[in-house]
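2 protein chains.
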Amino acid sequence: MSEPVQFPIKTVAIVGGTHGNEFSGIYLEKRYRAAPELIQRSSFSCRTLFANPMAHQANKRYLDSDLNRQFKTADLANPALRNYEQSRAKVINAELGPKGAAKTDFVIDLHNTTSNMGPCLILTQPGAIYNLLAGYIRLKMPTAVISRDEDHVAVADHALLCTVGTYGVIVEVGPQPQSVIRQDVLEQMDEMTRHILDFIELYNTQSLPQLPDRVEAFRYLYSIKLPVAATGERVGMVHKAVQDRDYQPIQPGQPIFTLFTGEELAFAGPDVVYPTFINEAAYYDNNLAMSLNEKVWIDVYTG
Amino acid sequence: MSEPVQFPIKTVAIVGGTHGNEFSGIYLEKRYRAAPELIQRSSFSCRTLFANPMAHQANKRYLDSDLNRQFKTADLANPALRNYEQSRAKVINAELGPKGAAKTDFVIDLHNTTSNMGPCLILTQPGAIYNLLAGYIRLKMPTAVISRDEDHVAVADHALLCTVGTYGVIVEVGPQPQSVIRQDVLEQMDEMTRHILDFIELYNTQSLPQLPDRVEAFRYLYSIKLPVAATGERVGMVHKAVQDRDYQPIQPGQPIFTLFTGEELAFAGPDVVYPTFINEAAYYDNNLAMSLNEKVWIDVYTG
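Those protein sequence lines, which keep their order, are chains L and Y.
Sequential numbering of the first sequence, starting at 37, is according to the working numbering.
Sequential numbering of the second sequence, starting at 37, is according to the working numbering.
For the record, the hints were derived by calculation from the structure and aren't laboratory data.
All the given hints hold, so there is nothing to weed out.
Pairs count within a copy or across copies, as identical chains cannot be separated in the list.
Okay, derived cross-link-like pairs now, DSS-like style, lysine-lysine, Cα gap no bigger than 25 Å in a straight line:
hint, residue 1, residue 2
1, 276, 261
2, 261, 331
3, 96, 261
4, 261, 66
5, 46, 176
6, 66, 276
7, 176, 331
8, 66, 46
9, 176, 276
10, 139, 46
11, 276, 331
For clarity, every value in this text was computed on a predicted model and none was experimentally measured.
Please construct the entire structure, taking both the sequences and the accompanying hints into account.
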């Protein structure tokens with residue numbers, strides 16, 4: 037499938053509260069809604085959207101199913117999928133999409149993690165505009181991390197909300213416990229979001245500054261599970277030497293889990309990997325312990 | 037009301053999962069249940085209790101109301117209080133109590149906080165045994181914090197689960213997000229719990245080592261709320277210079293909140309205070325921002 041080309045970017049949407057207990061995006065969307073001058077630029081219009089208000093009211097990630105897993109093109113078209121989040125996805129698709137022919141050129145979806153990931157820009161599709169954006173964020177927030185999350189998967193098969201626009205990215209900031217708002221995390225999310233808006237303005241007006249030629253990024257490989265007994269019961273936890281060390285290398289043979297009995301389990305993979313979403317609270321429902329990544333380079337000035 | 041005197045301590049109960057999303061106590065209780073030799077000592081019997089299994093199954097603090105607020109003597113006797121946690125309180129009172137004439141001499145209730153409080157021993161009643169325990173914990177875990185939480189309130193009027201025993205304390209360890217288990221936090225909880233058991237053994241056998249004469253502690257004064265508009269909506273958050281600085285002094289006039297508009301609000305109290313439970317996730321339902329304390333000294337060898 038060919039890369040979408042939309043130039044200039046005329047319509048942008050900032051989405052908060054896709055997960056009801058990730059408070060930074062919820063309060064930031066509310067703030068931008070109250071003070072729209074913060075997100076207006078000369079070359080495009082920008083709106084906001086509060087994606088999952090009922091989950092927020094219940095102080096939960098979601099009511100029926102994860103809203104950020106409902107945006108495959110086929111699922112959006114499937115009338116049998118009709119629980120709360122599946123319904124919200126269809127409504128959001130009508131408001132911002134429809135996916136594949138969207139009225140929104142660029143979607144910025146705001147998320148928090150309980151993991152120690154700092155501010156992180158997550159790209160879910162390849163393309164020249166994303167490469168330039170990665171370079172711009174590296175320039176403006178040198179410590180921010182660029183992540184490529186299954187950007188080889190065709191957009192139609194991507195289930196993430198941000199894929200409802202022609203372009204879309206996730207701003208992911210942590211660590212922040214669920215249902216808490218931290219000023220430092222809110223400020224990092226605000227800063228990255230405004231840099232993205234500035235980038236789009238500069239992209240539209242063809243006035244981007246000189247960017248680094250290439251940018252280090254982390255590319256998602258696969259997830260690993262917490263130690264679980266045959267009964268389904270969790271019998272261990274993330275090793276304390278791995279906890280909070282998102283993006284730090286894990287070596288083959290390094291202990292990564294500690295069983296409640298005290299025994300340690302080593303990483304069985306053959307290669308050095310880089311973990312993200314270490315011990316993320318929201319992933320316990322599937323017993324996911326962390327995501328593993330490889331280090332890659334993004335060439336900023338080539339497609 | 038006179039202080040209870042129970043010597044020696046013959047029966048101890050370790051309670052986990054009073055709050056269903058505080059995972060350290062839940063996994064530690066399960067571990068002790070599977071390996072009871074870890075908690076046995078020669079001079080007393082020790083059992084464990086999983087206090088709120090249904091809240092844990094729902095991955096929530098509680099289903100109907102906070103179980104750790106249901107243990108006032110009058111409430112335990114009130115048949116009109118019959119939601120899930122009120123019913124659990126009555127069952128636990130029958131199992132470990134009855135409060136005021138308990139079959140359990142010493143209750144250790146295990147809790148987590150999302151706040152940066154480290155390992156903390158919380159005392160809810162005054163008395164010679166608690167003073168000795170404070171001295172012993174200071175000796176064995178020098179960096180652990182001793183907290184006195186409304187220990188002037190008569191035990192009958194205390195709503196905390198640990199007051200169901202003749203004696204009782206809370207082991208509170210953070211920071212840990214809700215619904216997450218961190219190895220470092222689990223180990224701190226395990227260590228403090230085993231020190232308490234060792235203390236009881238030494239107390240019973242009158243073989244305590246020389247303890248410090250006095251121990252610094254934090255005594256709860258009152259809680260303050262997040263900035264809230266007349267509509268009830270939160271309009272601000274804990275100031276980033278206060279976040280994570282539990283036990284560090286707050287000066288009169290120091291900024292403690294930041295409004296979402298950027299404005300800062302100063303602490304209006306007349307005296308230096310010491311915050312705990314800063315930005316605790318579980319207290320958002322009441323918009324509590326933090327607890328404020330004074331520094332006090334506990335004389336270890338006087339009542």
